[in-house]
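Mind assembling these two chains? They're in different frames, but the hints should get you there.
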Amino acid sequence: MKFRNYLEAITGIGIYPLVSLMLFVVFFGLVTLYVIKGNKKHFETLSNLPINEKK
Amino acid sequence: MELQKFQYDNKTVKLFAYATIVWGLVGMLAGLIAAIQLYLPAANLALPYTTFGRVRPVHTNAVIFAFVGNGIFMGVYYSLQRLLKARMFSDLLSKIHFWGWQLIIVLAAVTLVLGKTTGKEYAELEWPIDILITIVWVVFGWNLFGTIIRRRERHLYVAIWFYIATFVTVAMLHIVNSVEIPVSFWKSYSWYAGVQDALIQWWYGHNAVAFFLTTPYLGMMYYFLPKMAQRPIYSYRLSIIHFWALIFLYIWAGPHHLLYTSVPDWAQSLGVVFSIMLLAPSWGGMINGLLTLRGAWDKVRDNVGLKFLVVAVTAYGMATFEGPMLSLKSVSAIAHYTDWIVAHVHVGALGWNGFMTFGILYWLIPKLFQTNLYSQKMANAHFWIGTLGILLYAVPMYWAGFMQSSMWKDFTPEGQLKWQFMDTVTKMIPFYIARSIGGTLYLIGAVLMTYNLIKTIKTGTFLEIEEDEAPALKGEYVAHSKDHWHRWIERKPIQLMVLSLVVVAIGGIIEFVPTFLVKSNIPTIASVKPYTPLELQGRDIYVREGCYTCHSQMIRPFRSETARYGEYSKAGEFVYDHPFQWGSKRTGPDLARQGGKYPDSWHYNHMLDPTSMSPGSIMPQYPWLLEDQLDGNSTMAKIKAMKRLGVPYPDGYEKVALSDMEKQAKEITANLKKDGIETLPDREIIALIAYLQRLGKDIKSEKITDKK
Chain X
0 MKFRNYLEAI TGIGIYPLVS LMLFVVFFGL VTLYVIKGNK KHFETLSNLP
50 INEKK
Chain D
0 MELQKFQYDN KTVKLFAYAT IVWGLVGMLA GLIAAIQLYL PAANLALPYT
50 TFGRVRPVHT NAVIFAFVGN GIFMGVYYSL QRLLKARMFS DLLSKIHFWG
100 WQLIIVLAAV TLVLGKTTGK EYAELEWPID ILITIVWVVF GWNLFGTIIR
150 RRERHLYVAI WFYIATFVTV AMLHIVNSVE IPVSFWKSYS WYAGVQDALI
200 QWWYGHNAVA FFLTTPYLGM MYYFLPKMAQ RPIYSYRLSI IHFWALIFLY
250 IWAGPHHLLY TSVPDWAQSL GVVFSIMLLA PSWGGMINGL LTLRGAWDKV
300 RDNVGLKFLV VAVTAYGMAT FEGPMLSLKS VSAIAHYTDW IVAHVHVGAL
350 GWNGFMTFGI LYWLIPKLFQ TNLYSQKMAN AHFWIGTLGI LLYAVPMYWA
400 GFMQSSMWKD FTPEGQLKWQ FMDTVTKMIP FYIARSIGGT LYLIGAVLMT
450 YNLIKTIKTG TFLEIEEDEA PALKGEYVAH SKDHWHRWIE RKPIQLMVLS
500 LVVVAIGGII EFVPTFLVKS NIPTIASVKP YTPLELQGRD IYVREGCYTC
550 HSQMIRPFRS ETARYGEYSK AGEFVYDHPF QWGSKRTGPD LARQGGKYPD
600 SWHYNHMLDP TSMSPGSIMP QYPWLLEDQL DGNSTMAKIK AMKRLGVPYP
650 DGYEKVALSD MEKQAKEITA NLKKDGIETL PDREIIALIA YLQRLGKDIK
700 SEKITDKK
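Protein sequences, first through last, are from chains X and D. Be aware that the first sequence starts at 0, since it is given in numbering that gives the first Met the number 0, and climbs by one per residue. Be aware that the second sequence starts at 0, since it is given in numbering that gives the first Met the number 0, and climbs by one per residue.
Next comes chain D alone, as it looks inside the complex (with noise of 0.2 Å):
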């Protein structure tokens, strides 16, 4: 059979592997950054820019989609082209790739930090960004499949199955999740409202996880861990199972998010059932993973870069069974909205995406760079300070996370809650502190990590031309005789993106649809009324300043919150809230029914100084929030906006709405007055007062009324 001679491009992985490097150190530093405010908020050095709730989605965003994102295309574009004896389909797509996807996460960053949010977390990125990133992830697929298409090897192997389940999955996601009405270039509503915008919210947070954070780094796995061992993965027939399970079962456990919520019971039951599931298919992957290391144990001792990839896969093991014991009812009372949370997931992003990507690197870069890695011992102490900092950084989390809850839920023997929110703040920053300890170590790792590998990079020489030779396929496969269905998909890419999409849809469609077709067949709360225009332009300052990442608007129905915060909240209430701000962690008091709890005054205070109102107080200062001015021009296009979304104002209201929001203004600064306070009714607090004092308070009307 002749042999073709081709090259493989190894320019395109050296440039993801250098943009992994880069935004993993930005993306670390944001989180670092953000972990110090939280036990002194002066750290935010006074600017909006750097402040909690905007360097907050920073962080998530960089370590996800930059510092992940890379890291997979890295793993793709090596891995890909060496499993399909192919170069990459095109030199151009993979360059408009490249730099197209560095140039959205520079947008990113730029739009975060000046507050340009959508307000739904992991999706912050406001239409023009998520345009590019649709069509830049078009061109990422077109160029994937176009290598396929052009391979000489018959049959893919399980590790390209999961990264096309990936490419078609996310861009579902992403698609679904980012519908919304462009109010202006950076400013949009989510097309969905309340219940079902939380509904579609986690749907994609859970799923960006599982296939953006999990099935492509799997896939990797698949192909480095072998790879770096020397010997086959240990069951292919269970990498099958782990593969086509764990796509089914994941899509569908979205709603463990939101459990005790005023998502309906059936979805949430449904979360719960298919997150206890995964369990199966994600430890199977896991076991498939170390087991390939039996008898090969010693490789570990010498190679770091495999060192690096056990620990991986071991935090994957525990991360994904913790996951499912979180989707628990009962256990998931007592995690939401603590720091437990943020444990289990860093045990997810610093053990097995961190710890994977510096492996692969480790690996990676001498092979690109044909020579030895510069320092094996500095590897080694990466290795150790990295694990260090893992612990450092979970186990206080944990810890905090199970005191906070403990001390919500405490009552006295009088019935009587027994801890005020703000002690259970005060209790949480020593935990703050060993954590950003932790995180400090990890980040020390990674930049030991860089400069190893920038003098192996200076002692290599690049291999810019790397051929390889294989026999190109015949046109027509002959079938065996006894030919199993499975292996038709194995051979047709094609065809396995379709049943890959087919799977993964049939969870989405039968979680949305009954929430969706009962909107219109049930009455919603008749005292719930639209948000006023100056309501409505301080709930998009809350969303701007990233209020959600420290404060949730969803009270759970358990005597401990009700006791606490008031009724417990009810789907109807959120009809109209484009996005919803449930939000997911309560590093401050849960806000759904704050109107009307504290005069204006307070709240204008508190604003300027946190402390003032609450001693001990861990939020930021937003003297800026008494300084700007409100942009009233953007009102009627708001308004009109929320009308295509069918919010209910009265015909021709935009057009009156300026003149309503003044003249609420107006007596907010009325009210200011009363109490001492000078200010002029066109600054950005009046409208931020005016929605907080709105918050919850459409039910408590609806009591009286009922009383009459």
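Chain X with its partners taken away, still in its complex shape (with noise of 0.2 Å):
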């Protein structure tokens, strides 16, 4: 039937995929380096803020 290929067909869309698929690769590589690498004092405190409070 001719109308088939309806929105099936789109030249090139396999780059749509792949640049996401990089874009959240390298998000994601940036963060977890940040994760390692960061002062681990400084997330100690982070930790604690709910805690430290009043009550």
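Read the hints as simulated data drawn from the structure, not as lab findings. From the three backbone atoms N, C-alpha and C, an ideal C-beta is built for every residue, glycine too. It cannot be assumed that every hint is accurate.
Claimed, not checked - Covered stretches of chain X, as calculated for chain D (at least 3 residues, CB under 8 Å):
| hint | region |
| --- | --- |
| 1 | 14-21 |
| 2 | 43-51 |
As the list claims (entries may be wrong) - Here are the computed lysine-lysine pairs in the BS3-like style, where the Cα-Cα straight-line distance is at most 27 Å:
| hint | chain 1 | residue 1 | chain 2 | residue 2 |
| --- | --- | --- | --- | --- |
| 3 | D | LYS426 | D | LYS528 |
| 4 | D | LYS654 | D | LYS665 |
| 5 | D | LYS665 | D | LYS699 |
| 6 | D | LYS491 | X | LYS39 |
| 7 | X | LYS36 | D | LYS642 |
| 8 | D | LYS4 | D | LYS366 |
| 9 | X | LYS39 | D | LYS473 |
| 10 | D | LYS473 | X | LYS40 |
| 11 | D | LYS654 | D | LYS642 |
| 12 | D | LYS699 | D | LYS528 |
| 13 | D | LYS94 | D | LYS366 |
| 14 | D | LYS642 | D | LYS528 |
| 15 | D | LYS408 | D | LYS426 |
| 16 | D | LYS696 | D | LYS662 |
| 17 | D | LYS491 | X | LYS40 |
Below, the structure is given as structure tokens:
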């Protein structure tokens, strides 16, 4: 049937998921790097924020 | 350093807590009424307002936006002030936010039972309410950011990141999905049609789960769990990865609701890949929550609130494991359209959202009223009744869903479908009954909690003025010499919001742009014509009665479906469907190729009493459609609106539409007369028959012309 390809064949569509995957991997890598290299004491202060309240 | 004294606003927190409880009971009751109607259709009391198709949206909207919505604001207003060492930015904004949200809920409840709906799941509310939601949401955001700016704590704790992401993403989702053309004050048509509408709607629907039911509750988990256990979160590092990975990945996953439909294949695959990846951050969050209690599990024994939180986080873990599994195409092929999905959703809603809310309430109310919980025993009873309720709800639905799907796909050795659709319906009845018992138990638990909390409130005195002190933030922050880029974000709420928006917008843009661009490039199916005015009116009745809550209009390319329903659905068939009506559940059969399957009189009798035409049917009766007069005056405005949306009616067609409509109505009336049914041509049933008889026929005529 002539409408079989409706919205199916888009030239070069493969680049979209590839770009998105790359974006995620790069971003994820940066965050992970920060988390690994980050200052332990700093994280401790942050994680104690809810508990160090007056009550 | 000089300490500044300030007071927390507990009153707004209290109001949101009360609203959470009240709307929780209402939402659950609506769910129970809907559940009972599935085996006792007469439980609609023969009223249009209480019929399944209208009660179900009331239930879903009440639970999501009223119960969980108020729960979010309760949690945010309490934790935000304390994490930032500041009172909420403006008492007036808090007041507008609270009462505005309750007004939206009341308007939603009234309009939904009256059948004013856009026909898009979890976004059913009509355009005036959509605008009101936008305004109140902005007020919330204003109050949120105002407080953040006036804070006395430099660093934003991870819970606040989740709140910020919630604010910005929900705003984006709501605005994009609600673009619609008003026809009248309570009627509009979605801007998008067919495939595009479906893609936008499930991008919205999925991310309503993500950014309304999940991220704010994760923020609350990150605050209330450490708070109740009196120990810091297991790993703050993990929480950072959890946050960014979760919001980045979630936004892409929407198309997994549309696997094997007419949505382009690449979009489906994209949805699948990101859904599978989503398992990692989700479980990271769950593990982070549960491991916070390492070495402190004894506290869970004594603290009933913590007990609820542990089950909530566990339910989150189960639901977020199941979600990616359901996104596999082969699993979706079995589960989609069945009660399996209903079970999945309720593990999340009852377990994660419900139990998290209950746990926080049991902790918060005694604190706000400076007293102890009235009865620990009763709260423990609630815990067990609730847990049993979830099990009794979910297990039968899993079983039923799997069974239903297997029956749909069963063939005899001769190659015929083994079961009539009706066989699969009757087999479901015992499971529907069991499910409603589970739901009843859960509701009883919530009633117990309400009683317990009222008693607690009566014994205590409300802590209206709660004072605290903290040094003011010094204007300039001196960065460390080796300061990291991420720390810069942690201190800057606006940058955090912008980056969150960028992260969540990427997914949406990459999914939509190609689908929207190609519309003009690719020819639509020549034989697919716009609806006639009468069919359009009938379609609006179909939407009004919420037929899409039980019937799909999307035949997937499986042998079991093409054998039962006919040729599988094509994207080009839906180009004039504003909104799309593919549905997400088949309590009744698919209707995509319903047109011409039965005579007009069959539909007439079926609407009057479904069991007369299909014995054993659990569809409600619609006698009012036979009596109510169709509002023909709206036809012109409707055709005009459709033309504005690009539906190719001829120039000036709106002027002759009414006479065209009357002509077609007379034909159907004459048809009915041949079968001995006397009725007037201006009744609503005539329009509905016209629509149902049109469904899926365009392609059939295409085939005939092909042969010639």
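Run the distance test for D/LYS94 versus D/LYS366: straight-line Cα separation, threshold 27 Å. Judged against 27 Å, a Cα distance of about 22 Å means the pair holds.
Restraint check for D/LYS696 with D/LYS662, where alpha carbons must lie at most 27 Å apart: 20 Å, holds
Does D/LYS665 sit within 27 Å of D/LYS654, going by the straight-line distance between their CA atoms? 19 Å, holds
Taking a Cβ-to-Cβ distance below 8 Å as contact, does the region 14-21 of chain X have at least three residues touching chain D? Since three or more residues must qualify, the claim that chain D covers the region 14-21 of chain X holds, with 5 doing so at under 8 Å.
Compare the distance between the alpha carbons of X/LYS36 and D/LYS642 with 27 Å, and conclude whether the hinted pair is satisfied. 59 Å, violated
Mind checking the alpha carbons of D/LYS491 and X/LYS40 for me, to see if they're no more than 27 Å apart? 20 Å, holds
Within 8 Å of chain D's CB atoms, at least three CB atoms from the region 43-51 of chain X: coverage verdict: holds (count 8)
Would you mind confirming whether the straight-line C-alpha gap from D/LYS642 to D/LYS528 stays at or under 27 Å? 13 Å, holds
Is the straight-line distance between the alpha-carbon of D/LYS473 and that of X/LYS40 27 Å or less? 21 Å, holds
Keeping to a limit of 27 Å between CA atoms, is the pair of D/LYS491 and X/LYS39 held or broken? 21 Å, holds
Holds or violated: X/LYS39 and D/LYS473, Cα atoms, limit 27 Å. It holds: about 24 Å lies between the C-alpha atoms, which stays within 27 Å.
Is D/LYS426 within 27 Å of D/LYS528, Cα to Cα? 39 Å, violated
The structure is inconsistent with the numbered hints 3, 7, although it conforms to all the rest.
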